[in-house]
Amino acid sequence: MFSWFALLIFPGFLYAVPMGWLMLWLERKILARLQSRIGPPFYQPFFDFIKLMSKEPFPRPRGEDLFYLVLPLLALGATLGSLTLLPIFAGSSAAVGDLVLFIALIEVAPICLVLLGFLSRSIFGQVGAIREATLTIATNLPFITALIALAYASGSLRLSEIAANAPSFVRLFALLALLFCLPIKLRLNPFSVANAEQEIYQGALTELDGWRLGLWELVHAVEWVALSGLIVCLVSPWRSGAAILDASLFALLSLVLVVVLTAVAGATARLKLLQASRLYWRWGFGLAILALVVSFFPFGG
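The sequence shown begins at 49 in the numbering used here and counts up by one.
Keep in mind that the hints are not guaranteed to be accurate.
[Claimed, not checked] Think about it this way: if two alpha-carbon atoms lie no more than 16 Å apart in a straight line, the pair counts; the simulated EDC-like pairs of lysine to aspartate or glutamate are: (1) 77 to 96; (2) 103 to 255; (3) 99 to 265; (4) 99 to 257; (5) 103 to 257; (6) 103 to 265.
In short, the hints are calculated from the structure, not lab data. All values derive from a computational prediction rather than experimental measurement.
Please work from the sequences and hints to get the whole structure.
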(Lines of atoms letter the chains of each structure in order from A; the text may use other names.)
(Lines give C-alpha, C1' and ligand atoms only; values in the text may rest on other atoms or scores of the structure.)
Protein backbone atom coordinates (compact mmCIF):
# COMPACT_ATOMS: atom_id res chain seq x y z
CA MET A 49 0.00 0.00 0.00
CA PHE A 50 1.11 3.57 -0.63
CA SER A 51 3.20 5.24 2.06
CA TRP A 52 5.59 8.17 2.02
CA PHE A 53 8.39 5.87 3.18
CA ALA A 54 7.77 3.53 0.24
CA LEU A 55 7.59 6.43 -2.21
CA LEU A 56 10.62 8.38 -0.99
CA ILE A 57 12.91 5.76 0.59
CA PHE A 58 12.40 2.08 -0.27
CA PRO A 59 11.58 0.93 -2.86
CA GLY A 60 10.97 4.52 -3.92
CA PHE A 61 13.16 7.42 -4.93
CA LEU A 62 16.25 6.97 -2.72
CA TYR A 63 16.49 3.28 -3.65
CA ALA A 64 15.16 3.29 -7.21
CA VAL A 65 17.37 6.05 -8.60
CA PRO A 66 20.77 4.63 -7.49
CA MET A 67 19.63 1.10 -8.29
CA GLY A 68 18.42 2.23 -11.71
CA TRP A 69 21.79 3.84 -12.43
CA LEU A 70 23.49 0.64 -11.28
CA MET A 71 21.31 -1.38 -13.65
CA LEU A 72 22.09 0.96 -16.55
CA TRP A 73 25.79 0.64 -15.80
CA LEU A 74 25.54 -3.16 -15.57
CA GLU A 75 23.75 -3.25 -18.92
CA ARG A 76 26.44 -1.13 -20.57
CA LYS A 77 29.27 -3.04 -18.90
CA ILE A 78 27.99 -6.47 -19.94
CA LEU A 79 27.36 -5.33 -23.51
CA ALA A 80 30.87 -3.89 -23.63
CA ARG A 81 32.45 -7.13 -22.40
CA LEU A 82 30.43 -9.14 -24.92
CA GLN A 83 31.85 -6.87 -27.63
CA SER A 84 35.44 -7.13 -26.32
CA ARG A 85 35.40 -3.61 -24.87
CA ILE A 86 36.19 -2.47 -21.33
CA GLY A 87 33.02 -0.52 -20.67
CA PRO A 88 32.34 2.46 -18.39
CA PRO A 89 33.04 2.73 -14.62
CA PHE A 90 30.11 2.04 -12.30
CA TYR A 91 29.54 5.74 -11.58
CA GLN A 92 29.20 6.71 -15.25
CA PRO A 93 25.35 6.91 -15.35
CA PHE A 94 25.40 9.28 -12.38
CA PHE A 95 27.91 11.61 -14.03
CA ASP A 96 26.01 11.40 -17.33
CA PHE A 97 22.89 12.56 -15.50
CA ILE A 98 24.72 15.41 -13.75
CA LYS A 99 26.26 16.50 -17.05
CA LEU A 100 22.91 16.54 -18.85
CA MET A 101 21.15 18.39 -16.03
CA SER A 102 23.87 21.05 -15.95
CA LYS A 103 23.72 21.80 -19.68
CA GLU A 104 21.58 24.62 -20.98
CA PRO A 105 19.06 23.14 -23.43
CA PHE A 106 18.15 24.56 -26.80
CA PRO A 107 15.49 27.29 -26.37
CA ARG A 108 11.93 26.21 -27.10
CA PRO A 109 8.61 28.08 -27.20
CA ARG A 110 7.22 28.45 -23.67
CA GLY A 111 4.20 26.20 -24.18
CA GLU A 112 6.28 23.49 -25.82
CA ASP A 113 8.92 23.68 -23.09
CA LEU A 114 6.22 23.09 -20.47
CA PHE A 115 5.33 19.77 -22.08
CA TYR A 116 9.00 18.76 -22.12
CA LEU A 117 9.01 19.29 -18.34
CA VAL A 118 5.61 17.87 -17.40
CA LEU A 119 5.75 14.63 -19.43
CA PRO A 120 8.94 13.16 -17.87
CA LEU A 121 7.93 14.28 -14.36
CA LEU A 122 4.55 12.60 -14.82
CA ALA A 123 6.23 9.44 -16.10
CA LEU A 124 8.73 9.46 -13.23
CA GLY A 125 6.07 9.99 -10.57
CA ALA A 126 3.85 7.22 -11.96
CA THR A 127 6.72 4.74 -12.20
CA LEU A 128 7.84 5.50 -8.64
CA GLY A 129 4.22 5.07 -7.57
CA SER A 130 4.11 1.61 -9.14
CA LEU A 131 7.14 0.63 -7.06
CA THR A 132 5.28 1.35 -3.82
CA LEU A 133 2.77 -1.38 -4.70
CA LEU A 134 5.30 -4.22 -4.97
CA PRO A 135 4.95 -6.82 -2.16
CA ILE A 136 8.62 -6.92 -1.16
CA PHE A 137 8.21 -7.61 2.56
CA ALA A 138 6.33 -10.30 4.48
CA GLY A 139 2.88 -9.18 5.55
CA SER A 140 2.85 -6.24 3.15
CA SER A 141 -0.55 -4.59 3.37
CA ALA A 142 -2.23 -4.12 0.04
CA ALA A 143 -5.16 -2.18 -1.31
CA VAL A 144 -7.90 -4.06 -3.13
CA GLY A 145 -7.08 -4.06 -6.83
CA ASP A 146 -3.52 -2.79 -6.56
CA LEU A 147 -2.65 -5.00 -9.54
CA VAL A 148 -4.92 -2.83 -11.72
CA LEU A 149 -3.31 0.31 -10.30
CA PHE A 150 0.18 -1.09 -10.96
CA ILE A 151 -0.67 -1.77 -14.62
CA ALA A 152 -2.11 1.73 -15.01
CA LEU A 153 0.92 3.41 -13.43
CA ILE A 154 3.57 1.40 -15.28
CA GLU A 155 1.94 2.30 -18.62
CA VAL A 156 2.12 6.05 -18.02
CA ALA A 157 5.79 6.31 -19.06
CA PRO A 158 5.33 4.68 -22.52
CA ILE A 159 2.26 6.85 -23.17
CA CYS A 160 4.19 10.00 -22.22
CA LEU A 161 7.05 8.91 -24.48
CA VAL A 162 4.65 8.48 -27.40
CA LEU A 163 3.18 11.94 -26.76
CA LEU A 164 6.70 13.37 -26.61
CA GLY A 165 7.55 11.86 -29.98
CA PHE A 166 4.45 13.29 -31.62
CA LEU A 167 5.27 16.66 -30.05
CA SER A 168 8.67 16.55 -31.76
CA ARG A 169 9.20 18.42 -35.01
CA SER A 170 11.68 15.80 -36.14
CA ILE A 171 10.59 13.01 -38.45
CA PHE A 172 12.80 10.66 -36.44
CA GLY A 173 10.93 11.53 -33.26
CA GLN A 174 7.55 10.99 -34.90
CA VAL A 175 8.59 7.66 -36.43
CA GLY A 176 9.95 6.63 -33.03
CA ALA A 177 6.61 7.54 -31.44
CA ILE A 178 4.71 5.45 -33.98
CA ARG A 179 6.99 2.48 -33.35
CA GLU A 180 6.72 2.92 -29.58
CA ALA A 181 2.92 3.00 -29.79
CA THR A 182 2.80 -0.07 -32.05
CA LEU A 183 5.09 -2.13 -29.84
CA THR A 184 3.33 -0.98 -26.66
CA ILE A 185 0.03 -2.25 -28.01
CA ALA A 186 1.65 -5.49 -29.21
CA THR A 187 3.26 -6.24 -25.86
CA ASN A 188 0.46 -5.09 -23.56
CA LEU A 189 -1.90 -7.84 -24.66
CA PRO A 190 0.36 -10.72 -23.49
CA PHE A 191 1.58 -8.66 -20.51
CA ILE A 192 -1.89 -7.94 -19.16
CA THR A 193 -3.25 -11.39 -20.08
CA ALA A 194 -0.46 -13.06 -18.08
CA LEU A 195 -1.26 -10.89 -15.06
CA ILE A 196 -4.98 -11.69 -15.44
CA ALA A 197 -4.12 -15.41 -15.41
CA LEU A 198 -2.16 -15.00 -12.17
CA ALA A 199 -4.96 -12.96 -10.61
CA TYR A 200 -7.65 -15.48 -11.59
CA ALA A 201 -5.63 -18.46 -10.36
CA SER A 202 -4.90 -16.82 -7.01
CA GLY A 203 -8.43 -15.45 -6.65
CA SER A 204 -7.30 -11.92 -5.90
CA LEU A 205 -6.33 -8.61 -7.48
CA ARG A 206 -3.83 -7.91 -4.68
CA LEU A 207 -0.20 -8.28 -5.77
CA SER A 208 0.80 -9.68 -2.37
CA GLU A 209 -1.79 -12.48 -2.58
CA ILE A 210 -0.93 -13.19 -6.21
CA ALA A 211 2.75 -13.53 -5.30
CA ALA A 212 1.94 -15.84 -2.38
CA ASN A 213 -0.88 -17.98 -3.78
CA ALA A 214 -0.47 -18.31 -7.56
CA PRO A 215 -0.18 -22.03 -8.49
CA SER A 216 3.15 -23.17 -9.88
CA PHE A 217 1.89 -24.16 -13.35
CA VAL A 218 0.16 -20.83 -13.91
CA ARG A 219 3.09 -18.96 -12.41
CA LEU A 220 5.53 -20.69 -14.78
CA PHE A 221 3.71 -19.87 -18.02
CA ALA A 222 2.71 -16.39 -16.88
CA LEU A 223 6.26 -15.50 -15.87
CA LEU A 224 7.59 -16.75 -19.20
CA ALA A 225 5.11 -14.45 -20.95
CA LEU A 226 6.07 -11.53 -18.69
CA LEU A 227 9.78 -12.15 -19.25
CA PHE A 228 9.08 -12.22 -22.97
CA CYS A 229 7.55 -8.74 -22.64
CA LEU A 230 10.38 -7.12 -20.67
CA PRO A 231 12.86 -6.52 -23.54
CA ILE A 232 10.31 -4.52 -25.49
CA LYS A 233 9.22 -2.52 -22.44
CA LEU A 234 12.88 -1.75 -21.66
CA ARG A 235 13.74 -1.17 -25.35
CA LEU A 236 16.38 -3.90 -25.52
CA ASN A 237 17.50 -6.07 -28.42
CA PRO A 238 16.03 -7.84 -30.26
CA PHE A 239 13.08 -5.47 -29.76
CA SER A 240 14.82 -2.07 -29.63
CA VAL A 241 12.88 -0.95 -32.69
CA ALA A 242 11.53 2.28 -31.22
CA ASN A 243 15.01 3.67 -30.45
CA ALA A 244 17.04 2.14 -33.28
CA GLU A 245 20.12 4.38 -33.35
CA GLN A 246 21.25 3.41 -36.84
CA GLU A 247 17.81 4.14 -38.31
CA ILE A 248 16.08 6.90 -36.33
CA TYR A 249 18.80 8.09 -33.93
CA GLN A 250 17.04 8.00 -30.52
CA GLY A 251 13.46 7.79 -31.75
CA ALA A 252 11.08 9.89 -29.67
CA LEU A 253 14.03 11.34 -27.72
CA THR A 254 15.92 12.58 -30.79
CA GLU A 255 15.32 16.30 -30.23
CA LEU A 256 15.94 16.28 -26.48
CA ASP A 257 19.03 17.79 -24.88
CA GLY A 258 20.20 19.02 -21.50
CA TRP A 259 17.84 18.50 -18.58
CA ARG A 260 15.07 17.37 -20.93
CA LEU A 261 17.09 14.31 -21.92
CA GLY A 262 18.43 13.85 -18.38
CA LEU A 263 14.92 13.50 -16.95
CA TRP A 264 14.01 10.82 -19.50
CA GLU A 265 17.21 8.91 -18.75
CA LEU A 266 16.12 8.97 -15.10
CA VAL A 267 12.67 7.68 -16.04
CA HIS A 268 14.25 4.82 -17.98
CA ALA A 269 16.45 3.91 -15.01
CA VAL A 270 13.44 3.74 -12.68
CA GLU A 271 11.52 1.69 -15.28
CA TRP A 272 14.28 -0.91 -15.03
CA VAL A 273 13.78 -1.11 -11.26
CA ALA A 274 9.97 -1.29 -11.42
CA LEU A 275 9.66 -3.92 -14.15
CA SER A 276 12.44 -6.14 -12.86
CA GLY A 277 10.97 -5.74 -9.36
CA LEU A 278 7.59 -7.01 -10.54
CA ILE A 279 9.15 -10.16 -11.96
CA VAL A 280 11.23 -10.74 -8.81
CA CYS A 281 8.20 -10.40 -6.53
CA LEU A 282 6.21 -12.87 -8.63
CA VAL A 283 9.09 -15.34 -9.03
CA SER A 284 9.92 -15.49 -5.34
CA PRO A 285 6.74 -15.90 -3.25
CA TRP A 286 8.67 -16.56 -0.03
CA ARG A 287 9.43 -13.79 2.47
CA SER A 288 11.72 -14.29 5.47
CA GLY A 289 10.07 -11.71 7.69
CA ALA A 290 13.40 -9.91 8.14
CA ALA A 291 13.12 -6.61 6.27
CA ILE A 292 16.84 -6.25 5.54
CA LEU A 293 17.09 -9.79 4.18
CA ASP A 294 13.98 -9.41 2.01
CA ALA A 295 15.19 -6.07 0.64
CA SER A 296 18.66 -7.47 -0.09
CA LEU A 297 17.20 -10.51 -1.86
CA PHE A 298 14.91 -8.25 -3.87
CA ALA A 299 17.84 -6.11 -5.01
CA LEU A 300 20.08 -9.10 -5.76
CA LEU A 301 17.49 -10.95 -7.85
CA SER A 302 16.74 -7.73 -9.73
CA LEU A 303 20.40 -7.44 -10.71
CA VAL A 304 20.45 -11.10 -11.78
CA LEU A 305 17.51 -10.38 -14.07
CA VAL A 306 19.41 -7.43 -15.55
CA VAL A 307 22.32 -9.74 -16.36
CA VAL A 308 20.02 -12.24 -18.09
CA LEU A 309 18.17 -9.63 -20.16
CA THR A 310 21.40 -7.88 -21.15
CA ALA A 311 23.03 -11.14 -22.18
CA VAL A 312 20.07 -11.86 -24.46
CA ALA A 313 20.25 -8.32 -25.87
CA GLY A 314 23.96 -8.67 -26.57
CA ALA A 315 23.53 -12.01 -28.31
CA THR A 316 20.69 -10.98 -30.64
CA ALA A 317 20.17 -8.58 -33.50
CA ARG A 318 17.36 -6.07 -33.79
CA LEU A 319 14.19 -7.31 -35.46
CA LYS A 320 12.04 -5.34 -37.86
CA LEU A 321 8.87 -3.73 -36.52
CA LEU A 322 6.60 -6.26 -38.23
CA GLN A 323 8.75 -9.18 -37.07
CA ALA A 324 8.72 -7.96 -33.47
CA SER A 325 4.94 -7.44 -33.48
CA ARG A 326 4.27 -10.87 -34.98
CA LEU A 327 6.60 -12.55 -32.50
CA TYR A 328 4.75 -11.03 -29.57
CA TRP A 329 1.34 -11.82 -30.95
CA ARG A 330 2.28 -15.44 -31.59
CA TRP A 331 4.64 -16.48 -28.81
CA GLY A 332 4.14 -13.89 -26.09
CA PHE A 333 0.37 -13.96 -26.35
CA GLY A 334 0.45 -17.74 -26.79
CA LEU A 335 2.26 -18.20 -23.46
CA ALA A 336 -0.14 -15.79 -21.75
CA ILE A 337 -3.19 -17.61 -23.14
CA LEU A 338 -1.69 -20.93 -22.03
CA ALA A 339 -1.31 -19.54 -18.50
CA LEU A 340 -4.92 -18.34 -18.59
CA VAL A 341 -6.22 -21.71 -19.81
CA VAL A 342 -4.22 -23.60 -17.16
CA SER A 343 -5.67 -21.33 -14.47
CA PHE A 344 -9.16 -22.70 -15.24
CA PHE A 345 -8.18 -26.26 -14.29
CA PRO A 346 -8.05 -27.59 -10.71
CA PHE A 347 -4.30 -28.23 -10.80
CA GLY A 348 -3.76 -24.73 -12.20
CA GLY A 349 -6.08 -22.74 -9.99
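Consistency of the hints with the structure:
Restraint check for residue 77 and residue 96: the C-alpha separation of about 15 Å stays at or below 16 Å, so the hint holds. The suggested pairing of residue 103 with residue 255 holds, with an alpha-carbon distance near 15 Å, which does not exceed 16 Å. Annotation: proposed proximity of residue 99 to residue 265 holds, straight-line Cα distance about 12 Å (limit 16 Å). Our distance criterion of 16 Å between C-alpha atoms is met by residue 99 and residue 257, whose separation comes to about 11 Å.
For the hint linking residue 103 to residue 257, the alpha-carbon distance of about 8 Å falls within 16 Å, and the restraint holds. This hinted pair checks out: residue 103 and residue 265 have alpha carbons roughly 14 Å apart, not beyond 16 Å.
Violated hints are absent here; each numbered hint is respected by the structure.
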